[in-house]
Each structure stands twice: as C-alpha cells, then as structure tokens.
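Participant: Below, each chain spelled out in residue letters.
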Amino acid sequence: MSQSFSSLSKQALDNWDVLHDSPWIRVSTGLMGEAAGSDDILAMLKTEIQRLGIEVNISEVGTTGLCYAEPLMDVHVPNMPRVVYGNVKPNQIGDILKQHIVGGQPIKEIALASIGGQVEGLPKFEELPMMQSQVRIALRNAGQIDPTNLGHYIAMGGFQGLDKALSMLSREETLEEVKNSGLRGRGGAAFSTGTKWSFLAGNPAATKYILCNCEEGDPGAFNDKTILETDPFTLLEGCILAGYATGASNGIVFIRHGHDSPIERTRSAIAACYEAGLLGANILGSEFSFDIEVSLVGESYVAGEETALMEAIEGKRSMPRFRPPFPAAYGVWGRPSNINNIKTLSYVPEIIRHGAEWFSSIGTEKSNGTAIACLSGDILYPGLVEVPFGVSVRQIIEDMGGGDPNGKSIKFLQTGGPLGGLLPSDQFDMKLDFDEMVSAGAMFGSGGLIVCNENRSVVDLTRTLIAFDQMESCGKCFPCRLGMSHMLEILERISGGTGHEGDMELMERVGVNMRAGSLCGHGQLGYNPVASAVRFFGSEFTDLLEGHEPKNIGSFVGPLSTRRGAQIDRNTPTSIVKPDFVSEVQPSSSEVNNKVQE
Amino acid sequence: MTITSKSSNKSDPNQSELIRVKARLALNNQKTKTITVLSSLLAVHDDLGYLPLEALEEISIFTDSSVNEVWSVGSFYPNFRFTPPATHSVEVCWGPTCHVLGAQPILQGVLKYLELDGEGDTPDGMVSLKYNTCLGVCPHAPAVSIDHRLVGHASLEVIIDRIKNLLQGMKKNSNVKQRGN
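Here the protein sequences come in this chain order: U and W. Quick note on the numbering used here: the first sequence kicks off at 1 and runs consecutively. Quick note on the numbering used here: the second sequence kicks off at 1 and runs consecutively.
For reference, chain W alone in the conformation it holds in the complex (with noise of 0.2 Å):
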C-alpha cells in the first residue's frame, strides 16, 4: 500500500494559497488547548476533508516540525485521506457483533453496488467506500455510516436504496458542492 499526498493543483497557484489560508485559519481555531502534530492534522481534516501538501506544509510551519515528522503521524492513522474527498462517504462497520449479525452480505453487496473491489473511491468519485472496525453502536448492528450518519439494523436493501438516492439527489440538484469544505 502507497499513499501519497499531492499538491492540490500545481498549475493553479490561486488554489493553492487559498487552501494555505484555509489551513492556517483550521490551525488557528483549533478547539484543543494543547496543540499536537496530530492535533493540528485532525483540524485540518476536519475542515478541508483531506490533506494536501499544502497543508502538510502549513502544519509543518505552525507546529514547528519537519514536514516528514507530520507525513509520520499522518499516514499512520487510516482516517486522514489525502486526495480530495468524494461527494458521499459509506462506512460498513465489520466489528464482531456486526459480522455476526450479517455485516458480511452487505458489505460484499455495496461493493458489488459500486463495483468497487475493495475500500476507496469510485471512479467518478461520488462515493468512497470505508471499512469501519466499530461503529460504536453493536445493539443496533448490523451498522452502516452514511455521509457520517449512523443507519442502525441495517439490510443490504435499505443501504443500496440509501446509496441510490443519494446519487439520484446528486443528479437532479446539480448545485450540491463536494462535501467537507
């Protein structure tokens, strides 16, 4: 497994700084009275919805490390991502309880759905599918996140349904912006 971080779009320096701006104002109003490598990446991703090199860097600056002491830190926990968000996010929990309870078949079926083979993105980018080790809610499993809402008792139909409207949502509101911004 690869990840890397690249900058958001070398040839438009515009787009760039604005994503500087914007990670330096995340830094600044982080909520923690402590602040951490980890601390100021968690803000940033919190806003920008992934980490680009730019904000790698400015986080390198603001907590005065180097930028491979932040790279460390972030490529180690699996909920920083690196490239742009897509437009959903679907999380299958597959925790013990919910693997007994039929976490299995759904999330063999979403993959299916999205002819995905494993976690990450769909091609077109509308949908980025993630495992999830527990969703903290194993009374109401089998459990699935949409768009970082938690869908209790879950069944393969009601996520493809779910699934489906949200991307027929996206198609007829052609306005609706990526999220995390």
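The following block holds chain U by itself, in its conformation from the complex (with noise of 0.2 Å):
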C-alpha cells in the first residue's frame, strides 16, 4: 500500500466509525427517490429532527435497487441493526424519530427489514424476495454510501483496486488482469473488454482517451444513472485503471443533459477525487497521471453510438462517423480512444482488488460475472437486480420481481432497449448468458427488461418502439431516416385496423433496406423489434390485418414525424415508389431468419 493511500485510508475508516456513534439515517434521493416522493421527506425529516432537537445525521443516498419500495429511510442507532423502512410517508416521520432514534424501539409495522443482524419479526435485508439471488459487485455500494463522499467509499474498500495496480502491478500486468477475468461489454456488443484495451495500449501515440458512455437514452434502462447516483467512484476508479492499463491520459464522462442529480453527484465526486490525489498528476505518489471531466449531449439517442458519441464530445451533431478508422485508431479529437460503456467500467476495481480468479468464478464458462437487469412494466417489485450470469429470466421476473402484481399472467417481456426484440414466456427459462441469449434469438442489451402482462397488445407495443426509433434516427442516413418513418406509418394503419395486404412483407422490405443501407445500428436493427414480434406474435398482426377488432391498442399521440424533418401522413396509403436507376435489397426468408438471431 502506498503511503498516501494507506493515510486515505485511516483517515476513511476513522471518521466511518465517528459516523456510526450517533444515530444516521440514510435517505434514498435522486431521479427515483423524486418521483416517489423523497424531496417531502427530507425536508418533513429535517423538521422533525429540529423540532425534537435530536442530533441525528442524515445522508443522501442513491437507490439500494428496490425502487418499488421507495422513498427508502435507512435508519442506523449505535449498537443497534440497521432497520430499513419502505414506502415512508411524511406523516410516519415524527413516529420513526420517537420510537425508533430516541426510544431505541423499531416500528416493525412499517418497516421493511433489518441491515447487520437480526431485529426480531422483521426479515434481513438480503433475504427479501428482490435480494435474495444477487450478487453485489458493479452495485455493491448502492444506497450504502454518500456518492458525494469519498471516504465513504474509500471506507467501503474503495481505491484499494488503484492503489494495488499503481504499487504492485505494471501496466501489462493490469492489463492481463482484466483479460483474463473474462469481463465482456455491458453496453450490448458483449466484446471482451481485455482485448478491446489492448488495441488503445498498442497505440504509441502520446494522447490517448478513455470515454465512458453514460448516455443511456435506452427506454427501460436506468442501471447507468443509477450507479453515478449511488457510487460515482466505482465509475471513476474503474475509468482511472482503465487509462493506466491502456497508457491512457485522459478521460470522458459521456452523460446525456438533462437529469440533475447524476450530472452533479458525478462531477462532485470528480472534484473529491482531484482533491484528494487521485485524479490529476502524479496518482497517490506514483508515476501515472490522468485527468476526467465531464461531458454533456442534448438529448439525442444515437449519441450512444461509439462514433456519435465522439462527434457530440467534439460538441457537433451526435451522427455516427464512418469505420475505418475504429476509434482505437483515430477517435474523439482525432486521437486513440477507447469507449466502455459505464457498467463495464464498474466492475473493473474489484476485479483488480480481488483478482481475475474471483470474477471469472462468478457466472457462467463464457458469461463472467453479473449481470444487472433493470425491472419495469407489469411486475411487482419493479427495480434494479444484480445477478450472476446462469440465472433463468424466470428466476428474476417470478422469484424476484414478483411477476405480475395483480396475478395475471405474464406474456412478455421487451428487452435489449428500443432496437431489441422481445421473448415470450413460454422462453423464460432461458438462462441469462450472452451466448445463449444470442443464439436464441434475444437480446439483453443494457439491461431493460419490460414486462409486459396477458392483456398487452404486441401490436401496440411495437408501434410505440419504432415512433421511439423514427424520431430518434439522426438523420444522416436517408434508408434509416425515411425508413422508420414508413415502418411506424404502417403500424399505425395495421394498429387501426386500415393496413393493406402485403403490409407485412413491405415493412420486411423496408428493414431489410434498412440495414443494408444504414451506417450505424439504428438502422441496421431498426427492423428488429417488427422482426421478433411477427416471429413469437405473428398472428396479431395477421389478424388485424384479417379485419379482427383491435384488442387493447388505443390511439397514439407521440412524435409522429422524426426531428430531422420526415412527415407521417396517417391517411395516405403508400407504397415504395423508387426510381429505375435505383436497386433494391431484396429480403430472402432466411435473410430475414438470420437478422432476427443477430
């Protein structure tokens, strides 16, 4: 350990303890503690708290992944387990105060279980139904820590992952390190990570960036806000060996504008690491420098895309470059870059603290390590879970979601974002690996699971993905641009009732058109979600276009013409009128097949 680290430390771990002799109340914060109301909490808690004239600290936390309890109090009394209580109201404030800080008694009744040891009739934490299979790593600090305080996580174990590569491995061996723990993409590609860093460190140029996507425009998705909510330092620890593996410089914080508390909690963690040495030069007293900022795009979808996201850096219009050069080559500013998605920046220091044995035990053979699914839709316990590859869909919606929270039964689910497709429930033992999901026809993607009940209509569902996709298509490719424009026109007469024979096979032409045509995967994929919903649910398209009465598809109001200017006439029945001197992808079935399992 080095020698600043080592005074970090002590530093951390002292006042963990100082913290812990009075009464701490954590209070989950943040997008998902605003909409359930935590802002009336905190400040009903900071009132009562001077009304009883108690001394009590109070943190803002992130979520702890149950966000269907929310708003989350976590209330700590010395010598005492940590009792969470969910779904707080401000009105149950002043009781919690009296019974549970002052007269040392816990309200059993509304709370939800205990942290740390045994508060009898009250489940512990981890067994609850949401908790029970996870494995913590990537979230291992959600909710736990003040993602504003960097002793907080420096006390969680935090930064010993850089202190032991900055004293005790060399840039090779950090490299190999990661290599070989097996940690693929979580952005959606599933590309090993090792390798992928290993084409930034075989660049000799002086200057090189480290990009960490954060943009998450994903519908369904919100495990990257969530982890620059709860443990902005995980990020930049990970962002900060990723640069000194690779031999890096300088790194890129890519989050969309727009939602607040990410982009300031990130940006205060940034400003306490510069603070306390380990970002800037000379990191804890060694040799290696590296510098992060922050970055932000206007809200635009295909930012995400690696190349996109490089020109939005630039500060230009977020449309996808052409490759060659990849970005390793030649990448934002004209320099070698390397692009992670956030997520798999995260598990990076605990793969250096523990060693690439430890993770690559976690998972399945080719799948290392956890996955996080994030719950939305027609589910009891919607939220985040981090689970080992190798568990069932099953396991996760049933067992930890909940399934449906009025009993009915579920049809499907809507995963891999708004470009993805969807998996019916007669597939929901399939096991989470990215192999097999991929060979099965599925997508994980970022994590977006969508659950969706007997009464949703595919039809409609599909209807509101590709409006999502058309208006958010850049624009710089005309098959994309025009082409979602023309898919949603037609869904939206098949979802009406009006769709023309021969609707079907002209959207497959389209797509197929599509993603010949398209430079980036907007395009490419974009006739995805058509795809797998007519291969698991042709027949409600079939029988809408058979004259059969719409069944749960109300009318939709939405962007019905993309941003960059393409109209939808909702009236006009159309056709592909092209030109002669113009040729046209002709889709073959197996063509089509073959999409569908990409």
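The set of hints was computed from the structure by calculation and includes no laboratory data. All residues carry an ideal CB built from backbone N, CA and C; glycine is no exception. Each statement offered as a hint is correct.
Lysine-lysine pairs mimicking DSSO-like chemistry, simulated, CA-CA at most 27 Å apart: (1) W:LYS33 to U:LYS316; (2) W:LYS112 to U:LYS551; (3) U:LYS316 to W:LYS130; (4) W:LYS22 to W:LYS33; (5) W:LYS164 to U:LYS89; (6) U:LYS408 to U:LYS431; (7) U:LYS316 to W:LYS22; (8) U:LYS89 to U:LYS108; (9) U:LYS476 to W:LYS130; (10) U:LYS316 to U:LYS476; (11) U:LYS316 to W:LYS31; (12) U:LYS366 to U:LYS431.
Cβ-Cβ distance ranges computed for the label pairs, FRET-style: (13) W:ASN79 to U:PRO325: 27 to 33 Å; (14) U:GLY94 to W:GLU57: 52 to 58 Å; (15) W:VAL158 to U:GLY280: 45 to 51 Å; (16) W:GLY102 to U:SER133: 29 to 35 Å; (17) U:GLU505 to W:GLY102: 32 to 38 Å; (18) W:TYR113 to U:GLN118: 50 to 56 Å; (19) W:GLY125 to U:ASP17: 53 to 59 Å; (20) U:GLU314 to W:GLY120: 29 to 35 Å.
Where chain W lies over chain U, by a calculated footprint (3+ residues, C-beta under 8 Å): (21) 25-36; (22) 65-74; (23) 213-219; (24) 448-455.
From the two separate chains plus the hints, produce the assembled complex.
Facilitator: The following block contains the structure:
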C-alpha cells in the first residue's frame, strides 16, 4: 500500500467509525427517490429533527435497487442493527424518530427489513425476495454510501484496486488481469474488455482517451443513471484503471444533459478525487497521471453509438462516423480512444482488487460476473437486480420480481432497448448468458426488461418502439430516416385496423434495406422490434390485417414525425415508389431469420 | 417542421444587449473544461431558458465558429428551444414502460385539458408541453415531470390537478416572473 493511500484509508475508516457513534439516517434521493416523493420525506425529516432537538446525521444516498419500496429510509442507531423503512410517508417520520431513534424501538409494522443483524419479527435485507439471488459487484455500494463522500467509498474498500495496480502491478499486468477475468462489455455488444483495451494500449500515441458512455437513452434501462447516482466513485476508479492499463492520459464521462442529480453527483465525486490526489498529476505518488471531465450531450439516442458519441464530445451533431478508422486508431479529436459502457468500467475496481480468478468464478463459463437487469412494467417489485450470469429469466421475473402485481399471467418481455426484441413467456427458462441469449434470438442489451402481462398488445408496443426509433433517427442515412417513418406509418394503419394486404412484406422490404444502407446500429437493427414481434406473435398482426377488431390498442399520440423532418401521413396509403436507377435489396426469408438471430 | 430563432426584441436595443451580456457571462462560467459549440449552447440555454439569435451570435464569436455551425448543432438536439420559455413546463413520458402502464390516457388528457394538438406552448404562454422519450424512472411509471420535478405513478387526475394548481397559483401571485432566468 502506498503511503498516501494508507493515510487516506486510515482517515476514511476513522471517520466511518465516528459516523456510527451517533444515529445516522440514509434517505434514498436522486431521480428514483424524487419520483417517489423523497423531497417531502427529507424536508419533513429535517423539520422533525429540529423540533425534537435530537442529533441525527442525514445522508442522501442513491437507490438501493428496491425501487418499489421508495422512498426508502435506512435508520442506524448505535449498537443496533440497521432498520430499513420502505414506502415512507411524511406523517410517519415523527413516529419513527421518536420511537426508533429516541426510544430505541424500531416500528416493525412499517419497517421493511433489518441490515447487519436480526431484529425479531423483521426479515433480513438480504433475504427479501428481490435481494435473495443477488450478487452485487458494480452495485455493491448502492444505497450504502453517500455518493458525494469519498471517505465513505474508501471505507467500503474503494480505491484499493487502484492502489494495488499502481503500487504492485505494471500496466501490462493490469491489462492482463482484466483480460483473464473474462469481463465483457455491458453496453450490448459483449466484446472482451481486455482485448478492446489492448487495441488502445498498442497505440504509441502520447495522448489517448478513455471514454465512458453513460448516455443511456434506452427507455426501460436506468442502471447507468443509478450507478452515477449511488456510487460514481466506482466508475471513476474503473476509468482511472483503464487509463493506467492502456496508457491513456484523459478520461471523459459522457452523460445526457437534463437529469441534474447524476451529473451533479458525478462532478462532485470528480472534484473530491482531485482534492485527494486520486486524479490529476502523479496519482497516489506514482508516475501515473490521469484527468477526467464530464461531457454533456443534448437529447439524442444515437449519441450512445460510439462514433456519434465522439462527434458529440467534439460539440457537433451526434451523427455516426464511417468506420474504419476505428476509435482505437482515430477517436475523439482524432486521438486514439477507447469507449466502454459505465457498467463495464464499474466492475474493474473489484476485479483488480480481488483478482481475475475471483471474477471469472462468478457466472457461466463464457459470461463471467454479473448482469444488471432493470425491471419495470407489469411487475410487483420493479427496480434493479444484479445477478450472476446463469440465473434464468423466470427466476428474475417471478422469484425476484414477484410477477404481475395483480396475479395476471406474464405474456412477454421487451428486452434490449427500443431496437431489441421480445421474449415470450415460454422461453423464460432461458439462462442469462450472452451467447445463449444471442443464439436463441434474444438480446440482453443494456439490461432493460419491460414486463408485459396478458392484456398487452404486441402490435401496440411495437408501434411505440418504432415511434421512438423513427423519432431518434439522426437523419444521416436516408434508409433509416425514411424507413423508420415508413414502418411507423404502416404500423399506425395496422393498429387502427386499416392495414393493407402486403403490409408485412412491405415492412420487411423496408427493414432489409435499412439494414443494408445504414451506417450504425440504429438503422441496421431498426427492423428488429418488428421482426421479433412477428416471429413470436405474428398472428396479432395478421388478425388485424384480416379485419378483426383491435384489442387493447388505443390511439397513439406521440411524435409522429422524425425530429429531422420526415413527416408521417396517416391517411394516404403508401408504397415504395422508386426510380428505375435505384437498386433495392430484396429480402430472402433466410436473411430475415439471420437478422433476428444476430 | 421549421424552427427559427428570432432576435429577442429588435425594437429594444437594451434588451438585446442584456441578452448578449447574460450569454457572455454564461459562456465564461461554463463548468466543463473542454469548451465546444455544444457545451456553450447547453450553458447559455440553461441560463436564458432559450436561444435567441443574439445568443447564437455570441456563441459563434466565443467558439470561433460561424453562426451557421452553431445553428446546425442547436437545431439538431430537441432539448433546445428558440422562443422564450413558457412559464411552466410539463413533460409527459411516453417511453415503452410508461406506455404499457398508461401514458397514453395521461398524454391525451393533458393535451385536451391544455387545448393543444401536440407538443408546444399554450397560446397564453403559460405551459409548454413536451413528449419525453424516457424520464429515467421506469419503476415509477407512468412518469411526468412538472417544472422539472418528477411525479411518479402518475394518473391523469393528479396531473391535471397539479397543472390547475400551477395556473391558479399564477393568478393569485402576479409577482411570479418567468422561469429560466
């Protein structure tokens, strides 16, 4: 251990102990808390504490992942196990303070669980249905530490990985460790992180960039924002380690403008790291220097694509670039760059700290570690779960998520974001595994699982997904810009019961041409939601086309024009009218099937 | 869809100069280390609440780009607006999770209540309605953001009530000035 880190560590642990000598309440704030009403809880808490004249420390933490129980209050009283209160209402605060903090008697009727010991009549936190099968690595500090307090992070074992790398491992050994751990990218492509880093490490340029993608435009996914809100330090440590392993000097954390709390918490974490000498010149007294800054982008889904992301960092329109040259040769500002998803980088500190073998022992043979799934939709316990690979989808949905809140049967999941597909309930025995899921035609993507019960219409959801995709097309490639609008137009009329014969074939033609003629995944995968819906629930489309009454499909209001100008005409039937000199890719059935499987 | 940015007030040179001063201040106080056209647009937009022509010109001077280049970036991202902001903002999420759990009735009800055909400002400039692709709080769907505060598990009744309160609060308290400044 380096000298500067041992003093940081000692100070952090001392403060951590002192903190536990008096009552300490953690309130989960941030986006999730805000939506559940944590502002009122926090305000009431402060008023009541003042009124009672007691000494209580309050920390604003991020979500624990148990979003269904927000607003959450985690009460520590010295020499007692912590007690977590869920779905707290402002009028309960006074009683909790009086009985639990002053009187030393937790109110079991409204408490959710205990942490760090047994309280009679209460389940332990880790035994809650949603927590049972979880193994937390990237989310290890979720809801446990103040995300703006570096000391808390260090007290929980933070920066030990960085200290170990800087004082004991060479750059090559650090890279080798990540490679051996089998860590694969969590952004969707599942490429080996170590291999990706080695491309950048092999580039001799003086200035190299580590880009961290936290754009997360995927509706249904909220894990990136959660990591930024609950524990931005793990990302920063991962980023610094990536810089050390690849010889990069600069890191950029790329976040969408609009949500204040993830941005503010990340910025304050960066400032704290600079102050403690964990960023900047000669980190922890070593030869290694690294800088990190936050780069913000406007609302754009395509900005999450790696080359579009680099354009946005340079302050331009977030439109994808041609590849090659690949980012490792020519990235942001023309410098060699490496882009990783925030989740990927958040695993790195623990991998270095505990070693590659520890990480590769978790999960399945080819998919090491854990997956973070975001549960939402028709589910009893929506929120975040971090589970080892190999756990079945059924386990996540039924055992941890509790199934449909009203006991209805689950019909399908929408996975992989707006360009992903559906997973029907008869496939729920599928194990979470990058390769197994791909070969079965499913996508895990960034981890959003939108649960839909028997009442939900596949056509209706598909229309929403395509409406999202067409609106978010950046407009650079016309097959995507026009094709998405065209598909939405067709889905609109099918949903309304006025579809034409041949509409499904027309969509397929549009989709195959989009795949052939688009630069990035947005257009290439644009037909995916339809292909997947047709594959598993094709009869819902054909029923409507044959004149059956639409079921569970309402009228749709939303952006029915692309922001880039292509307008949807709801009334005029369209067909592809093309000049003779334009050649068109004709779909073959095998090609479409392959596409779904990719 | 055509978007244009107008000079804030051509007949009032003082107003125009005030905007320039504010824009320059925002440009110089950016939190990011790397200054780009986009970072400048975001900073000025955060401060003024919209991007009048004077602001675009100031950004072009500050970033050493042409006004066209600044406009090219500004018009690309839908979070920028080029007319003065409405007093209150309402954003309704229509992402897939919210859609499944009932965003459409809320969206359509709010449109009807505000007498709007789609996204945009009410004619009296009191409320601007925006479709949001994902407010990021899917476990609390359906979600609505009112004056940039999130409301989870929203229902049409609650949202209409909140909007009503906003508008009535405005009438009672005529001192409340426009947001965004």
